[in-house]
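Start from the sequences, fold in the hints, and give me the full structure.
Protein chains in written order, with my numbering: chain A, 1 to 800; chain B, 1001 to 1087.
A few of these clues could be false.
[What the hints assert, rightly or not] A short, non-exhaustive set of chain A residues, derived as facing chain B with CB atoms under 8 Å:
1) A66
2) V80
3) H401
[To be verified] The list that follows gives simulated cross-link-like pairs (lysine-lysine, DSS-like), each with its CA atoms no further than 30 Å apart:
4) B:K1021 <-> A:K231
5) A:K471 <-> B:K1036
6) B:K1012 <-> A:K598
Just so you know, the hints here were simulated from the structure itself, not pulled from any lab data. No residue lacks a Cβ here, since even glycine has one placed at the ideal position from N, Cα and C.
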Amino acid sequence: MSLTRREFIKKSAALTAASYVGLNLPLGETERARGEETEKWVRGTCRLCGVGCRLDLGVKNGKAVALRGVADSRTNLGYVCMKGMLFYKLIGHPDRLTKPLYRTKKDQPFKEISWDQALDIAAREFAKAVKEHGNDSVAYYGSGQAQTEETYLFQKIFRAGLQTNNVEGNPRLCMASAVGGYVTSFGADEPIGSYSNIEKTNCFFIIGSNMAEAHPVIFRRVMRRKLDHPKDVTVINVDPRVSPTSRIADIHLQFKPGTDLALMNAMANVIIEEKLFDEKFVSDYCVFKKQEEKEAKTVDFEAYKEFISEYTPEKAAAICGGNITPDIIRQVSRTFAQSKGTVSMWCMGLNQRIRGVWANNLVNNLHLLTGQICRPGADSLSLTGQPNACGGVREGGGLCHILPGHRPVENDKARNQVEELWGVPAGRIPPKPGLHTMALFSAVNEGKIKAIWINCTSPAQSLPNVDFYRKGMRRDDVFLVCTDVFPTKTTELANLVLPTAFHFEKTGVYGCTERRSQLTPKAVDPPGEAKPEVWIAREWTLRLARELKDPVIEKCIEPFKGLEEGWALPKAVWDEYTQKLTKGRDNDLRGATYEVMKGMADGVQWPAPTEDFARKGGTEIKFVRGIDPMADSEAKDDKPFQFYGPAHADRKLYVWLRPHAGAAEEPDAEYPFVLSTGRIIDHWHTSSMTGRIPELMRANPYAFIEVNPKDAARLGIKPGDMVEVESHRGKNVLPAKVYEGPIEGMVFVYWHDMDEDRMINKVCKDAFDPISKEPEFKISAARIRRVSGSVPLKPYIVSL
Amino acid sequence: MPIGGLVVSCGKGWEDRVMPKILELPGVEVHGSNGKGDLVVVVEAETSNLLETVVEAISRVDGVLTVGMTYLNFEDESNPKRPAILP
Ligand code: SF4
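See below:
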């Protein structure tokens, strides 16, 4: 790069940064333009977490050469974290999968084959499984990182083509409890409000989320709000571990893991006792519900009051331990209720729990009792882990019990409607929901699943108690197809590996935490023979229809035949999904066409039934008349809020009577520690991507175990010592980080490392929430011991 | 040579203490401040690896609360050929 060009680029960098903070630098636009000459900017979404940051990818000679945040984007206001800034390194990375690979047996080496051969093999194996073992012997396991078009198309083919609801995805492991919480509390999935509440709130209640590392750009907004209004904004952080999120908190509640249900019930008790609740909101919109044996029963306020009175601050403080006192419970309850606006934010700390749905209900309860929803600065906001868990999987029909547009599978009317919209015979989609993730991989273990398609995810690393489930995936009578960009622990167990196009190498939509769908168009060509998943699914289906001699299978991809894969194909899939399947549903996205999204800095929040409405960004706050068009079109009375969500026919919000419940596995004499797991800022999930970015790998080359100094002193563990952590299921050996992070009696390990000695999901337990079926990754009983002093370690990434 | 544009946020009134420390780091220029604790910073480094080291060092400077990336040009590195695993 020449000196002059470098100077121009530096000025460009300064101007871009300055524009985000309202600063006018004495540098002209023409200079910026010259610095950027010869570049084309393609606007899309970051690939590496659920925040949905928008960025422009600079392209020169067909290669990605620059990135910048999009200042006008309502998701990130222009900011991007370091992980997001470095994701371009995965485009054209030398480790990318570029050719279809096949082997008949899983202990054989892979052979490169052509796409024709690969698609024929996949069609033949799935057809064979169906013919010999029935429709439910096949399954699709997808991802909250697949684009909506991909999830939608695959689930259509499996449900209407192969006639099985064995359609699942990794959001079962992270978001299912939030879905369960929203649906049972508000009658509708996904948050009511938007990120924009961050700049309007006076109280943040951050529970079970280390957002500073897992959602860094949202954390930046929270921090900015606090810094700009230090006296008027209170940050409450509730977490058994001191995390980087805790450092901006005014109050950090640190407690014994698994006791927060008691804490939230005690907060509700204080709110009732001290009459801090919003009587009018509660009487206008809420009912109280108690789960009986088979069904939920409505009870009155007095019954709720009596139930909750058991949870005195004194009792909760005794259950919670740590620094929780009755006074601090009263203080946070008052702040929560009396703040002009309170925003709760949570993530896996509540979701990955044996009672994850209950935990979600209890946060939602606090908002319902205090009327802290449906107004600026107030919301119960579940943070999404993956970039398209909401848009693709929750909305697009990517779980075994839901069809596109939030339609339950077992609902005859909803199912028949979908069959009609797809033009397939009535009764084609089976009425029984498929197997949820943990049941699906148990069925793989038992040899009941004969062919499984795993797309864009690595269950051979991400499932809890993973060694147990890898046994099934290793079976030679289970045909396993993987579509992915890099080798993973799961491609290691596959028969057929199909190379896919990466983000910005194909076109598609991601829907982030705040109900916003955002388009990422193709900017560069994929490497080698890698192909977009929508192309792969279409071509496979054509062959599958021939193998099974079933014209209905071909009918599933009829509208997409022959379309060019870079734009026309995904656009046709998106159009069918939005124009037909979301029409009149609460996630109505008919206004969010590719044409509309292409012209926007960010994207569209549903409901957005028309293009004109979508162009302005869609619905910022659901259920509010004058803001949400469906609150007007679906209104049944004159009240300002209309809770038309599909799950509550009575249009009420439910305050649930949920008792405190601990973990499925509590520490005991043999396994006296609580093991918890989580994320670190530099890595993403199974690190098959971030582990290949040298800057990120250098920052955190391998997992370590965080040990509280008191526990470390007791067990003779020094910083850097190798420590064995063992549970009923398996063990890891990791270097120790001794610091005041986890509360005494708790250890913490981040879960990204794929080295067999440091893969913590071998140790985590697989018990799951009976409602959401989400496993309790966050709490396992374990024991630890010092194995040796520090030893040199090597980072590890799977290669072919 | 990768070039990054950053907004470095410190508390209001901390700019004078933070700025000299940041300027000691290699390849760092401060282009201005908005008076609310946000500094406009440009970093230039030999490789994106080194750039990340400098950004990391900025984030550790006493008084710095967050470092927000807004721009990155990496055209000299757009053909990645390095090994995946660092020694
Ligand atoms: S916060 Fe998440 S979406 Fe935003 S840049 Fe970072 S990784 Fe990407």
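Going down the list of hints, with the structure as the test:
Checking A66 of chain A against chain B by beta carbon gives a least distance of about 4 Å; that is within 8 Å, so the hint holds. Look at V80 of chain A: its Cβ gets to within about 5 Å of chain B, closer than 8 Å, so that hint holds up. Because the beta carbon of H401 of chain A sits about 39 Å from the nearest beta carbon in chain B, more than 8 Å, this interface hint is broken. For the suggested pair K1021 of chain B and K231 of chain A, the alpha carbons sit about 29 Å apart, so the restraint of at most 30 Å is met.
A C-alpha spacing of about 57 Å is found between K471 of chain A and K1036 of chain B, which places the hinted pair above 30 Å, so the restraint is violated. A C-alpha spacing of about 38 Å is found between K1012 of chain B and K598 of chain A, which places the hinted pair above 30 Å, so the restraint is violated.
Of the numbered hints stated above, those contradicted by the structure are hints 3, 5 and 6, listed in ascending order.
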